[in-house]
Amino acid sequence: MRRVVITGIGVMTPLGSDKNIFWNSLVNGKSGISKVESFDVSQYPSRIAGEIKEFDPTKCMEKREAKRVDRFTQLGVCAAIQAWHDAGLDHVQLNKEDVGVLVGSGIGGIQTTEEQLQILAEKGPRRVSPFLIPALIANMASGYISIMLGLRGPNSTVVTACASSTHAVGDAWHIIGRGDAEIMVAGGAEAAISHLAFSGFSSARALSTRNDEPERASRPFDLERDGFVMGEGSGIVILETLDHALKRDAHIYGEVIGYGMSGDAYHMTAPDPEGRGAFLCMQRALKSAGLSVEEIDYINAHGTSTEFNDKIETMAIKKLFKDHAYKLAVSSTKSMTGHLLGAAGAVELIATLLTMENGVIHPTINYENPDPECDLDYVPNKAREGDVKLALSNSFGFGGTNATLAVKKYQQ
Amino acid sequence: MSVENKVKGIIADQLEVGIDKLTLDTTFEDIDADSLDIVELVMALEEEFDLEISDQEIENIKTVGDIVRYIESKV
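Protein chains in written order, with the working numbering: chain C, 1 to 412; chain H, 1 to 75.
Because the hints were derived from the structure by calculation, they are not lab data.
Where a beta carbon is used, it is the ideal one built from N, C-alpha and C, also for glycine.
Worth double-checking, as some hints may not be accurate.
[Stated by the list, open to error] Using C-beta positions, here's what the derived DEER-type ranges look like:
| no. | chain 1 | residue 1 | chain 2 | residue 2 | range |
| --- | --- | --- | --- | --- | --- |
| 1 | H | Thr27 | C | Ala121 | 51 to 61 Å |
| 2 | C | Gln118 | H | Glu57 | 51 to 61 Å |
| 3 | C | Leu94 | H | Lys6 | 42 to 52 Å |
| 4 | H | Glu57 | C | Ala121 | 48 to 58 Å |
| 5 | C | Ile21 | H | Lys62 | 33 to 43 Å |
| 6 | C | Lys63 | H | Asp50 | 49 to 59 Å |
| 7 | H | Thr27 | C | Thr209 | 50 to 60 Å |
| 8 | H | Glu29 | C | Pro45 | 46 to 56 Å |
[Unchecked claim] Listed next, the in silico DSS-like pairs over lysine-lysine satisfying Cα-Cα at most 25 Å (straight line):
| no. | chain 1 | residue 1 | chain 2 | residue 2 |
| --- | --- | --- | --- | --- |
| 9 | C | Lys59 | H | Lys21 |
| 10 | C | Lys123 | H | Lys74 |
| 11 | C | Lys382 | C | Lys318 |
[Stated by the list, open to error] Under 10 Å between C-beta atoms, here's a sample of chain C residues computed to sit facing chain H:
| no. | residue |
| --- | --- |
| 12 | Arg127 |
| 13 | Pro130 |
| 14 | Phe131 |
| 15 | Arg152 |
Produce the entire structure from the sequences given, and follow the hints as far as they go.
So this is what it looks like as structure tokens:
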């Protein structure tokens, strides 16, 4: 398999829409959670989220183009353009037939769906927009990015709920590894802060209702956690063969060296109570990277702040890593961003790459009350220095779908 | 407001083109309108002028002037 490195990153998150602002917020333990402003949440038990306030899609696409696509595609396009610039690819002669796109989304264009359903109910089928279907389909972020950047390589998407973008990066790594592309634009985009998604997650009792203290609501691994906080955004990375990156003297953030996938085969929304799915995908990521458990310095946890996830992810880490589980650092980016669903994995991979690059591990904020069942080193509340050479990034989704990426600090 | 000005206003709004760029001879190609844009535009026109434009009639519409003349013949 060819070696694949990451040479560009782009983020649109509640903590900032620029890699430096994003990273500084993470290191300073800043919360991106606040009261929902984009729609009326007065009827909902949960009224907080990680919104991207004042997002202006016309900064990265024409107004007319922005109008045609859903917000998740706008977010995906903006992060992809950031990543493309960051990788310095706009100044490089490329065979764009060898450059592909694989951007996942857990839900796709749910805001467009909602809007058009309302029109259908009020005005009838003749008034439903011809852009409904192209705007709502989950592969449109991948499609639109390829249109904007002229990329004719493999073009696809992954829809695996909250594991979507971790799968997308892993699958893109395979596509390059097996020789089907030289470069892949990969990651995820999500924009589900709206009535339909909020009501569905609320009914499923998945969301935190700590409405009076939005910044303290996402508290992974803390005993008082009461559900996840929804976020929106996108994360995109540029994956590239090492040879190609070296030839053009690109900046290398890190190397993808392993990828594991598994299924829980247990329940639609609840994780396997023994953590078997999480265990298997971490084990497979290590196996594909040729690593032993003792070599891992850091795990960017799925860490959602739900009772089940945090307990069971901890259990799976302890089963797999045994004594070493207590020696490695584990932190949850979601404690600050909220849960970006299908975009979460890619944003967290980017956090992991920046951790390796800066030698600083970002904290899990709001960790105040230890839960006897969550007893690992979660880097509570304060960032700390740490030389991370090998790391895992976990994502688990509804449907019992699990993905883990293994990344390595770049060495020749 | 005349039908012509109303039509130009709707096109300018939907397709994000300057209203001053639109003349009666402007074609959909001139303003890069694809088939989906045209369907959406027709919906807005139907709504504004309270009429129904059939798919067959849409095919005969090529310019801003065609739209204006069509609407003037119906209202």
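Hinted contact C:Phe131 with chain H - closest CB pair below 10 Å | holds (6 Å)
Hint consistency between C:Lys123 and H:Lys74 [alpha-carbon to alpha-carbon, up to 25 Å] | Distance of about 22 Å is within 25 Å: holds.
Holds or violated: is there a CB of chain H closer than 10 Å to the CB of C:Arg152?
-> violated (20 Å)
Please test the hint of 51 to 61 Å on the beta carbon pair from C:Gln118 and H:Glu57.
-> About 28 Å separates the Cβ atoms of C:Gln118 and H:Glu57, which means 51 to 61 Å is violated.
Do the alpha carbons of C:Lys382 and C:Lys318 lie within 25 Å of each other, as the hint requires?
-> Holds, at roughly 23 Å.
Could you tell me whether the CB distance from H:Thr27 to C:Ala121 stays inside 51 to 61 Å?
-> Taking Cβ atoms as reference, H:Thr27 and C:Ala121 lie about 36 Å apart, which means the hint is violated.
Go ahead and decide if the range 42 to 52 Å is satisfied by the Cβ distance of C:Leu94 to H:Lys6.
-> holds (47 Å)
That 50 to 60 Å hint for H:Thr27 and C:Thr209 (C-beta), does it hold up?
-> Since the Cβ atoms of H:Thr27 and C:Thr209 sit about 56 Å apart, the hinted range of 50 to 60 Å holds.
Mind checking the hinted window 46 to 56 Å against the Cβ distance between H:Glu29 and C:Pro45?
-> holds (52 Å)
At a threshold of 10 Å, is the proposed contact between C:Pro130 and chain H supported by beta-carbon distances?
-> holds (4 Å)
Supplied distance hint 49 to 59 Å, evaluated on CB atoms of C:Lys63 and H:Asp50 = violated (28 Å)
CA of C:Lys59 to CA of H:Lys21, is that 25 Å or under?
-> Roughly 24 Å separates the two Cα atoms, so the pair holds.
Violation of the numbered hints given earlier is confined to hints 1, 2, 4, 5, 6, 15; the remaining hints are satisfied by the structure.
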